[in-house]
Amino acid sequence: MLKKLFMLIVAGFFLASCAATKTEQGGDVDATSASASSSSGGEITAGTQEDLIVNVGDRVFFEFDSSELTVDAQATLDAQAAWLMQYPDTNITVEGHADERGTREYNLALGDKRAFSVYSYLAQAGIDTNRMEYVSWGKERPEVIGSDETAYSQNRRGVTIVSN
Amino acid sequence: MIKKILIILFFSLNANAALEVTIAQGKVEPTPIAITQIFGADSDTARYGNTLRQIISNNLTNSGLFYTVNEDLYIQSDNLVEKVPRFEDWKLIKAQFLLSADVNKNDKGIRLRMRLYDVFNAKEIEKLQLTIPDENLIRRVGHTVSDIVYERITGETGYFDTRIVYVSEVGPLDQRVKRLAIMDQDGHIDSHQFLTDGKNMVLTPRFAPNKQLITYMEYKNNLPRVYIYNLKTGEREIVGDFPGMTFAPRFSPDSQSVVMSFSDPNNSANSEIYLMDLNTRSRSRLTNDSGIDTSPSFSPDGDKIVFNSDRGGSPQLFIMDKDGDNIKRISKGKGVYGNPVWSPRGDLIAFTKLTQGNFHIGVMDTNGNNERVIVRDFALESPAWSPNGRYLIFHRQKRSNLDGTGGEVTIHFIDITGYNERVIPTPRDGSDPAWSPLL
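Chain order of the listed sequences is A and B.
Going by the numbering used here, 103 is the number at position 103 of the first sequence; the sequence numbering is gapless.
Going by the numbering used here, 367 is the number at position 367 of the second sequence; the sequence numbering is gapless.
Among these hints, one or two may not hold up.
Stated by the list, open to error - Residues from chain B shown here face chain A by an in silico Cβ test under 10 Å; the list is partial:
1) 176
2) 217
3) 247
4) 263
5) 338
6) 375
7) 379
Said to hold, decoys possible - Now the stretches of chain B that chain A is said to cover, found in silico as 3 or more residues with beta-carbon under 8 Å:
8) 165-175
9) 220-228
10) 265-271
11) 308-320
Just so you know, the hints here were simulated from the structure itself, not pulled from any lab data.
Each residue gets a CB set at the ideal place from its N, CA and C atoms; glycine is no exception.
Start from the sequences, fold in the hints, and give me the full structure.
Next up, the structure:
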């Protein structure tokens with residue numbers, strides 16, 4: 001189970017890095033689905049985390065010290081909401097993260113606001129809050145290791161995780 | 001010589017003046033002290049003696065206010081607990097103070113006798129006899145003797161018989177395993193102990209000022225909440241059991257309450273500061289603003305709280321009354337502030353500041369005046385005060401690289417004058433250090 005999760009995270013990382021240059025989000029599915037699906041070594045099961053990553057985009061990115069959803073982020077979340085409607089038995093946890101350029105405690109607060117922004121956007125899009133949880137990881141779980149803006153921009157994120 | 005002693009004594013009488021004097025004059029010249037062999041009656045007690053001498057010598061030297069005169073220079077090699085020293089011999093090697101001690105066993109345990117002499121005035125200024133039941137307390141005896149010497153000579157409260165709780169870190173930076181750990185203030189490996197197993201991430205431990213308790217944040221079942229760890233029983237208890245994240249905890253000066261942040265789902269998960277009474281478990285909300293309010297820290301008299309807020313746009317430092325009234329911004333400089341911690345002396349606030357690409361740890365008066373930077377680097381965080389308010393510990397992290405290397409994080413000690421920075425050794429990486437009160 002853990003191994004699987006780790007592979008998914010790796011897949012997510014590929015996707016994020018590829019998408020980052022232009023669209024920031026996983027909107028451009030065709031460009032990256034090949035590498036993502038091959039890295040997990042098989043067919044993508046509908047309604048899974050892998051499906052979400054490859055066909056919808058599991059994450060949104062934030063500006064420095066901001067928890068506001070960008071236009072791109074809102075587009076991704078609209079797609080996530082549609083996907084969640086399509087798979088009504090799916091529950092999710094939204095993770096909020098920050099880059100390393102802030103204090104630990106401030107970044108915990110910021111991560112929570114980011115996670116909540118995603119959570120409440122999905123709620124307003126019609127997703128039952130009973131299906132959703134959210135949690136802040138502050139700067140404790142970077143997606144990309146590195147002390148530069150390339151890493152930071154990937155780490156200021158809200159990630160939707162399928163929890164069942 | 002006398003002048004130098006007077007200066008040190010003067011420092012302790014007026015902390016503010018001392019700081020200014022130190023900045024104007026630069027580094028304090030350490031006072032030379034000779035420490036004789038600590039004599040044992042047999043091989044066990046001789047071993048204790050060696051350990052004690054090393055602990056005392058290291059403590060005094062690490063304070064930056066003393067140095068131990070090299071043993072090779074000593075002319076007199078006697079046990080000077082019962083015998084009056086030949087002060088001329090010690091003057092000759094420029095020892096200003098002289099410490100001698102011996103250890104023996106009796107039916108109650110291990111007994112230490114100590115004498116401290118003022119060489120210049122040729123007189124005994126302190127004596128001590130103490131007995132401990134077993135050798136497990138040897139390190140604490142060494143710290144206690146160090147405190148007595150430090151206090152007698154500088155006039156300041158000692159800080160050696162204290163401990164540091166911190167977060168031990170290991171593993172890749174994106175999957176860091178973080179455990180609570182505790183050690184003597186000198187970081188000696190024999191005193192080091194892990195308190196948690198690393199299954200759950202833990203952050204930001206802080207001691208209660210007068211109880212054997214630590215408050216910290218833990219991700220149990222992926223729910224980040226404030227807990228209390230009882231050092232006597234090893235029990236962990238949730239205190240911030242709210243319907244959302246609780247974090248950034250600190251005890252009130254009487255150890256009866258914990259002040260912390262709570263990000264309430266019914267308030268858009270915006271972090272506000274709450275006070276939790278540990279006896280009644282009642283909680284009161286102290287802040288109410290659309291910005292983030294976090295990192296609260298009580299003044300030692302319990303009347304005021306300094307905290308971090310971005311209510312004005314960027315994160316800055318604010319002070320309020322203990323009930324949340326009279327909120328005033330105190331940070332005045334350029335940059336993004338955080339992590340304010342009120343000095344146990346009450347006169348200063350330590351903080352973290354991010355500006356021009358670097359973190360800074362500094363201190364300011366409680367009204368925000370006289371800000372000065374003590375240390376600057378790419379990543380610095382978590383200043384914590386020594387119980388006597390003269391030193392800070394903090395952590396320093398190196399830059400990390402895309403290939404996963406770098407990011408090493410270590411705990412450091414520094415005099416608030418900016419001199420005498422030292423690494424406090426930890427078996428793995430270490431962050432979020434906090435200092436215990438005097439034991």
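Consistency of the hints with the structure:
1. 176: 7 Å, holds
2. 217: Residue 217 of chain B check passes; min Cβ-Cβ to chain A is 8 Å, inside 10 Å.
3. 247: 5 Å, holds
4. 263: 4 Å, holds
5. 338: 4 Å, holds
6. 375: Violated, because the Cβ-Cβ distance from residue 375 of chain B to chain A comes to roughly 15 Å (cut-off 10 Å).
7. 379: 7 Å, holds
8. 165-175: Satisfied; 4 residues make the cut.
9. 220-228: holds (count 3)
10. 265-271: Check passed, 5 qualifying residues.
11. 308-320: As far as the stretch 308-320 of chain B goes, the hint holds, because 4 residues have Cβ atoms under 8 Å from chain A.
Checked against the numbered hints above, the structure breaks only hint 6 and satisfies the rest.
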